[in-house]
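Chains A and B, in that order, are what the protein sequence lines are.
Take the position in the first sequence, starting the count at 1, then add 76; the result is the number in my numbering.
Take the position in the second sequence, starting the count at 1, then add 37; the result is the number in my numbering.
Errors might be hidden in some of the hints.
Stated by the list, open to error - Have a look at the derived ranges for each label pair, beta carbon to beta carbon:
#, chain 1, residue 1, chain 2, residue 2, range
1, A, Gly367, B, Ala84, 37 to 47 Å
2, B, Glu42, A, Arg357, 28 to 38 Å
3, A, Ala352, B, Pro125, 45 to 55 Å
4, A, Pro400, B, Glu136, 50 to 60 Å
Claimed, not checked - Within a straight-line C-alpha distance of at most 25 Å, the following computed DMTMM-like cross-link-like pairs (lysine to aspartate or glutamate) qualify:
#, chain 1, residue 1, chain 2, residue 2
5, A, Lys464, B, Glu109
6, B, Lys91, B, Asp129
7, A, Lys464, B, Glu145
8, A, Lys464, B, Glu49
9, A, Lys464, B, Glu42
10, A, Lys179, A, Glu428
11, A, Lys464, B, Asp157
12, A, Lys286, A, Glu347
13, A, Lys179, A, Glu194
14, B, Lys91, A, Glu387
15, A, Lys342, A, Glu99
16, A, Lys179, A, Glu416
17, A, Lys179, A, Asp201
18, A, Lys464, A, Glu387
19, A, Lys179, A, Glu203
20, A, Lys464, B, Asp146
21, A, Lys179, A, Asp207
22, B, Lys91, B, Glu109
23, A, Lys179, A, Glu189
24, B, Lys91, B, Glu49
25, A, Lys286, A, Asp82
Keep in mind the hints are simulated off the structure, nothing from the lab.
Quick reminder that beta carbons are idealized off the backbone N, C-alpha and C, glycines included.
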Amino acid sequence: MAVYLDHASSTPVDARVAARMAEVLRSETEYGNPASASHGYGDTAAALVESARAQVAAAVGAASTEIVWTSGATEANNLAIFGVAQYYRERGRHIVTARTEHKAVLDPCRELERRGWEISYLVPDREGLLDPSQVAAALRPDTVLVSLMHVNNEIGVVQNIAAVGAVCARHGRAWLHVDAAQSVGKCPVHFASLGADLMSLSAHKVYGPKGVGALAISQRGDASGRGRVQLTALHFGGGQERSLRAGTLATHQVVGMGLAFELASKISSVETARIAQLQQRLWQGLASLGGVLRNGSATRSVPHLLNVSFEGVEGESLLAAIRPYVAVSTGSACTSAVAEPSYVLRALGRSERLSESSLRFGLGRTTTVEDIDTAIATLSREVSRLRKVSGAAPAA
Amino acid sequence: MNYSELTRSYFETAAHAGELSGPGVFRGAAGNHAQGTWVQFDLQINAGAVAAVKFLAFACPHTIAVAAWLAEQAVGQQLQPTLPESLPALRDRFAVPIEKMGRLLIIEDAWLAAVLPAIDSRA
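Next comes chain B alone, as it looks inside the complex (with noise of 0.2 Å):
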C-alpha cells in the first residue's frame, strides 16, 4: 500500500507516542487487540486545557499517524467534546482509504473516552 507524504512522516515519527500518568491525567482507549486496531490516549488537563497528550497504538500506519497528529495538535486547545479535526477533514487530510473508516472511528472512541471524563470532572 502507498501512504501520504504526510502519513508516512507521522507513522515514522510517531512523536507523542506514550503514556501520561499522574493528578489531572485522563486515559482512554478503545478497539483492541486481537480485532487489529487499539488506541489509547492520555491527556494532561490543566485550567481547562489540554497540557500534553500521549498515545499508543497497535494499529496501521494512518491509524499510528492520525493519532500522532491528533496528539501534537491538541496541545494547548481548550477541552472539547469533540475531535480536534473531523473525521471526513482527517481522512482527507491523510488520504485515509475508505475501508479504513472504521479505524478513524476507534480513534475518536478513543479520544472521547479521554475527553468526556475530563470535562465531567470540570462540571
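Only chain A is shown next, with the shape it has when bound in the complex (with noise of 0.2 Å):
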C-alpha cells in the first residue's frame, strides 16, 4: 500500500476509540435506544451518549448542553446555515462567508442565493488570510451569519476567529458560525473563546469514525443584548437533540467521537513538535527539486498540512504518478474525467495550471520519518521524470 499522507481528509480510526465502539455494539446492556426513558437498557444508552456528549465538549471548551450531534461537519454547516438563515430570515437575509470555504458551506451558502438570500464572500490574501476588518466592512444591518473555518481544510491557514468573533459581536446581529473539522487535536479549540455561536465538528478527522459529527450552539448571551443564537430546524420526526435534529442516535458513533475527542485534547505538544519536524522535513525535500511553491501561510498554519505546487508538471499526470506509492490529496476536484483546479488556490491567486498541479500532504499520528522520506523520494523521481517529459527539464 501507498505511504499515507491524506490525514487531512481522514484519519485512521484509534485502536482505543475501535475497541469502546466495539465494546458497545457487543453489549448485551448498551444497544438500548438512548430516547426510550422506559427502561433500563435506554437508559444506560443515554448515560453513554451524554457521557460523550461531555466527552466533546471538555475537549473543545464547550459545556454539554452546546453540542447537538449530526451525521458530520457537512450536516453541522448545514444546520448553523440553513438553520440560522430560516430562524432570521425576517431580520435579514445576508450572509457572510469566503471563496475559500469548504464546499459544505459554500454549497448551502449557494443554495441560499438561490432562494433569494446574498452572499458576500470575502477574498483572502495570497496566503489565504482574512483581515478581521474584511468581515467588518462586509457586514450589513440584514447580515445574520457569517460563516468560516477556523483550520482550511487545503492549506492549512488558521484563521483569526477570536477577532471576527469580536467584530460579530459589536455588530450585534451577525451570528459567527466556524467550520472547525480541522482544527481539532492540531490547534487549540475553545469554542467560548473563540467568541462563536456556532461551530462544526466532525470524528473521522481527529482519528474517529466516520458519520459522526456535533455542532456546538453556544448558550451564552452577549452584551449587546441579542440574547442567544436560534436555529429551525432541518429534520423532524422525534424531537431528539432539543428537537433540533431528530432521528435515533447512534451510540457506538457518537461513543466512537467522545473518546476520539478526549484522546485528541490530550495530544502533547511533544507530539505537535514531532508533526511540526516531519512537516518542515518534508518541504525542504521538495523544495530542493527547484520550481515547487508553498501554498499559504508558512507560519499562521497548523503543522499537519502542507500544500505545494510544482512548476513544469501537469497535475493529473502528477497524481497519476505518485499514486502506487503516496496517497495524497490534489489540488484539482478529480470528480470528473477532467480534473478542475483548486478553487482555494486559485482564490489565493495561483495560476490554473500551478492549483492543478498541487498536492496536499496531511501528516498525522502515524505518519513516520521513513513515510516522509518515501514521498520526498517518489516526489524527486516522478516530478523529474514528468519535467523530462514536458520539456521543462533536459531529458537524459
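Dock chain one against chain two, each of which comes alone in its own frame, and use the hints as you go.
Here it is, written out as C-alpha cells:
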C-alpha cells in the first residue's frame, strides 16, 4: 500500500476508539435506544451518549448542553447555515463567508442564494488569510450570519476567529459560525474563547469514526443584548437533540467520537513538535527540487498540512505518477474525467496550471520519518521524470 | 481516475521522450501549457520513411501514453499525411474518456504539423 499522507481527508480510527465502539456494539446492555426513557436499556444508552457529549464539550471548551450530534461536519454546517437563515429570515437575508471555505459551507450558501439570500464572499490575501477588518466591512444591517472556517482544509492556514468573533459581537446582529472540522487535535480550540456562536465538528478527522459529528450551539448571551443564537431545525420526527436534529442516535458512533475527542485533547506538545519537524523535513526535501511553491501561510498554519505546487508538471500526470507510492490529495477536483483546478488555490491567486499541479500532504499520528522520506524520494523521481517528458527539464 | 494497463505502461515508460535536431528533422507542436495540454513531435525523415521520433508532452497520462505509442509505432513507416492510427482507434486502444477527445486532436495537430512539412519537402 502507498504511504498514507492524507490525514486531512480522513484519519485511521484510533485502536482505543475502535475497541470502545466494538464494546458498545457487542454489549448486551448498551443497545437500547437512548431516547427510550421507559427502561434501563434506554437509560444506559442515554448515559453513554451524555458521557460522550461531555467528552466532546470538554475537548472544545463548550458546555455539554451546547453540543448537538449530527452525522458529520457537513450536516453540522448545513444545520448552522440553513438553521440561522430560516430562523432570522425576517431580520435579514445577508450572509458573509469566504471563497476559500469548504464546499460544505459554500454549497449551502449557493442554495440560499438561489432562494433569495445575498451572500458576500470574502477574498483572502495571497497567503490565504482574512483580515477581520474585511469581515467588518462586509457586515450590513441585514447580515444574520458570518461563516468562516478555523483551519483551512486545503492549505492549513489558521484564521483569526477570535478577532472575527469580536467584530460580530460589536455588530450585534450577525452570528458567527465556525467550521472547526480541521482544528481539533491540531491547534487549540475553545468554543467560548473564539467568540463563536456555532461550531461544526467532525469525528473522522480526529481518529474517530466516519458518520458522526456535532454542532456546538452557544447558550451564551452577549453584551449586545441579542440573546442566544436560535436555529430552525432541518429534520423532524422525534424531538431528539432538543428538537434540532431528529433521529435515533447511533450510540456506538457518538461514544467513538467522545473518546476520540478526549484523546485529541490530550495530544502533547511533543507530538505537535514531532509533526512540525516532519512537515519541515518534507518541505525542505520537496523545495530542493526547485520550482516548488508553498501554498498558504507558512507561519499561521497548522503543521499537519503542507500544500505545494510543482512548476512544469501537469497535475493529473503528477497524481497518476505518485499514486502507487504516496496517498495524497490533489489540488484538482477529480470528480470527472477532466480535473478542475482547486478553487481555494485560485482564490489565493495561483494560476490554473499551478493550482492543478498542487498536492496536499496531510500528516498525522501514524506518519513516520520513513513515510516522509518515501514521499520525498517519490516526488523527486516522478517530478524530474515528468519535467523531462514535458521539456521543462533536460532529457537524459 | 483509473487508467488501462496499456495507458499506464506507456505513461510510466514514456519511451521516446525528448527532442531531435539536425538535418532531416521536422518539428510540429500543438496546444499550450496555459490550457493544460501541449505536445511536440520531432520526426527524423530518411528517404521518405520515419527513421526516428521523439516527443515532448505537458499533458495528462492518456495524452503522454498515446504520444509515446505513436512515436514507437511510426519508426520505419513511410511518411503519410495522417496519424499511424485513427483517432477512434487510439481512443479505444487507450480507453480515452470521451471528455478527453480534444486532447487526441491536439496530438493529431502536433503530428501533422511535423509530417506535412516533411511531405512537402519531398514534393
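Subject >> Pairwise hint evaluation, aspartate 157 of chain B against lysine 464 of chain A, where the allowed Cα distance is 25 Å at most >> reply: 31 Å, violated
**OP:** Take the C-alpha atoms of lysine 179 of chain A and glutamate 416 of chain A, compute the straight-line distance between them, and say whether it is at most 25 Å.
**Re:** Judged against 25 Å, a Cα distance of about 14 Å means the pair holds.
**OP:** Starting from lysine 464 of chain A, check that the Cα of glutamate 109 of chain B is at most 25 Å away, please.
**Re:** 18 Å, holds
Subject >> Straight-line alpha-carbon gap lysine 179 of chain A to glutamate 203 of chain A, limit 25 Å >> reply: 20 Å, holds
Subject >> Outcome for the supplied range 45 to 55 Å, where the beta carbon pair is alanine 352 of chain A and proline 125 of chain B >> reply: Given range 45 to 55 Å: holds, Cβ gap about 53 Å.
Original post:
When you check the alpha-carbon spacing of lysine 91 of chain B and glutamate 387 of chain A, does it fall within 25 Å?
Top reply: 23 Å, holds
Original post:
Taking only the CA atoms, is the gap from lysine 179 of chain A to glutamate 428 of chain A under or equal to 25 Å?
Top reply: Measuring from Cα to Cα gives roughly 19 Å; hence the hint holds.
Subject >> lysine 179 of chain A paired with aspartate 201 of chain A [C-alpha distance capped at 25 Å] >> reply: 20 Å, holds
Subject >> Restraint check for lysine 91 of chain B with glutamate 49 of chain B, where alpha carbons must lie at most 25 Å apart >> reply: Since the Cα atoms of lysine 91 of chain B and glutamate 49 of chain B sit roughly 16 Å apart, the hinted pair holds (cutoff 25 Å).
Subject >> Holds or violated: lysine 179 of chain A to aspartate 207 of chain A, with C-alpha atoms at most 25 Å apart >> reply: 21 Å, holds
Original post:
CA of lysine 464 of chain A to CA of glutamate 387 of chain A, is that 25 Å or under?
Top reply: The hint holds at about 12 Å.
Subject >> Holds or violated: lysine 286 of chain A to aspartate 82 of chain A, with C-alpha atoms at most 25 Å apart >> reply: Given that 25 Å is the threshold and the Cα spacing comes to 15 Å, the pair holds.
Going down the numbered hints, you'll see the structure goes against 4, 11, while the others check out.
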